[in-house]
Amino acid sequence: MKKKAIFTAIPLLILVMVLAGCPGGGATGTLEFYANGEDFVRQGFVSKDGWSIQFDHVYITLDGIAAYQTDPPYDPQTGDDISGDFTLRLAGAYTIYLAEGGTSAPPILVGKVLEAPVGHYNAISWKMARADSGPATGHSLVMIGTAQKDGQSIDFVINVEEECEYQCGEYVGDERKGILSDGGTADLEMTFHFDHIFGDADTPADDELNLAAIGFEPFASGAQGKDVINMAEMHLGHVGEGHCHCGCH
Amino acid sequence: MPKKWRVIAAVIGVLVLGLLLPTEALAHGVSIEYTSDIEITIAARYDTGTPMAGAQVAVYAPDDSSTPWLTGVCDDEGRFSFTPDASRPGIWDVQVRLAGHGGMVHIPVGEDTASTGGVGGYSYLQIALMAACVIWGSIGTALYFRRRRPA
Chain A
1 MKKKAIFTAI
11 PLLILVMVLA
21 GCPGGGATGT
31 LEFYANGEDF
41 VRQGFVSKDG
51 WSIQFDHVYI
61 TLDGIAAYQT
71 DPPYDPQTGD
81 DISGDFTLRL
91 AGAYTIYLAE
101 GGTSAPPILV
111 GKVLEAPVGH
121 YNAISWKMAR
131 ADSGPATGHS
141 LVMIGTAQKD
151 GQSIDFVINV
161 EEECEYQCGE
171 YVGDERKGIL
181 SDGGTADLEM
191 TFHFDHIFGD
201 ADTPADDELN
211 LAAIGFEPFA
221 SGAQGKDVIN
231 MAEMHLGHVG
241 EGHCHCGCH
Chain B
1 MPKKWRVIAA
11 VIGVLVLGLL
21 LPTEALAHGV
31 SIEYTSDIEI
41 TIAARYDTGT
51 PMAGAQVAVY
61 APDDSSTPWL
71 TGVCDDEGRF
81 SFTPDASRPG
91 IWDVQVRLAG
101 HGGMVHIPVG
111 EDTASTGGVG
121 GYSYLQIALM
131 AACVIWGSIG
141 TALYFRRRRP
151 A
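Top line first, the protein sequences correspond to chains A and B.
Residues 1 to 249 in the working numbering are what the first sequence spells out, letter by letter.
Residues 1 to 151 in the working numbering are what the second sequence spells out, letter by letter.
What the hints contain is simulated information worked out from the structure, not anything from laboratory work.
There's no promise every hint is true.
[Stated by the list, open to error] Reference excerpt, derived from the structure (chain B facing chain A, CB under 7 Å, subset only):
id, residue
1, 66
2, 97
3, 101
4, 102
5, 104
6, 106
In this text, a Cβ means the ideal position worked out from N, Cα and C, and glycines have one as well.
Put together the whole structure using the sequences plus the hints.
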C-alpha cells in the first residue's frame, strides 16, 4: 500500500514541477527570431560627412540568442543583466547577410523555436560574435560596398573583430512583438542601426547620433575598422527603436 | 414620573420636533461625489536631457498588450498625461517614439500584484493540480492519524 502511494505520488509531483516551471501551463506556439539592417543597409544612405554609401554585402554573426519573459520588464538603461522568469534559447551561431534582397526586402529570419511556451517575450539578448566559417570568418561584422562623394568613388571592405553582447528590453516600433498565444506565431527582432557608425546627413549635425558617429571620412583615408570603430560606443544593436545595453571586448 | 419615563418622553419630543421642522431647511444640503481617478504624467527625454517634443505615445492597458488603449503626442516639454481606467488594474505600458528612437515605461496601477502578459501567474491547470495535491495531502494526513493502533 505504501509503495503504491509512493509510485502514484512521484509522477504527479514531477508533472506539477514541470507545469510550474513552464509559463502558460503547457500551451505552446512558434517564436521566430529576425535580424533587420533596416533601409540603411538595403537602400543605402548619406553619411554625416556627405559620403553616399551603398552596401553590397553586410555579414553579421549572431550567437547565444535568447528570449525572456521578465516581470518586472527589463530596463536596459540600468545596465544590469536580464533576469528572466523564463528563458528560451535559439541554439547555434548564425552568419546573417543583412543586405540580402532588394531595397524593400523584409527582415531576415534567423531561426525559430517550435513549441515555445506561450507568454510575452519582453526581452532578448544576443552576442555579435566572430564567425568560425563562411565569408566573414574571423570577423563579427563585415561591411562591403561603395562610397561616393564629389565625383570620387571608393570601394570599401570594413571588418570588425570586436565581440559584443547586447541585452535589450521589449521591441519598440509600430507594433508590439513577442506576444505568443497558444498555437500562434510571434516574432522578435534584432535591429541594427548602421547610421550610428557612419552618421546620417538627414539628421542635424549636432544630434547626439552624429556627434557619436565616426562618419566615412576615416575609411576614405584608409583607416581599418579596428583602428576607428569602438563598437561599445556605436550602439549598433537595437530592438526596433529601443536601445540595448551593450558590452564589447 | 419615574426617570425611565422622563428619558422616553424626551426622546419622543426630539423626534416630534424633528418632524415638525420646516422641510425647506434640507434645501441647503449638498451632494458631493468623488472619483479616485489618478492622472499619470510621463516626461520623455533623450539621454542628453533634451525633451522628446512631439514624440508619438501609445498607451497599453494591462489586459490587452497588442492594441493601444490610447495614442497621443508629447508636448514641447516631452510630457504626456492620461488617466488610466481604474477598473483595469495591473501594469500599464507606455511607449514613446520619435525620429527612430524610443522606449517603454511600465506603470503599476491598482493592485500591486498584477502582472503583464500572464508572466508570473498560474494557469487554471496549475491551480487545479495544486489544489488536488493539497486535498490529497490533507486526506492522507487525516487517515494516517485516524487509523487504529494495534492493541
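Here's how the hints hold up against the structure:
1. 66: Since chain A brings a Cβ to about 6 Å from residue 66 of chain B, closer than 7 Å, the hint holds.
2. 97: holds, 6 Å
3. 101: Constraint on residue 101 of chain B satisfied, holds at 5 Å.
4. 102: OK, holds: residue 102 of chain B within 7 Å of chain A, min 4 Å.
5. 104: holds, 6 Å
6. 106: Holds: closest Cβ of chain A sits about 5 Å from residue 106 of chain B, inside 7 Å.
Consistency note: the structure conflicts with none of the earlier hints.
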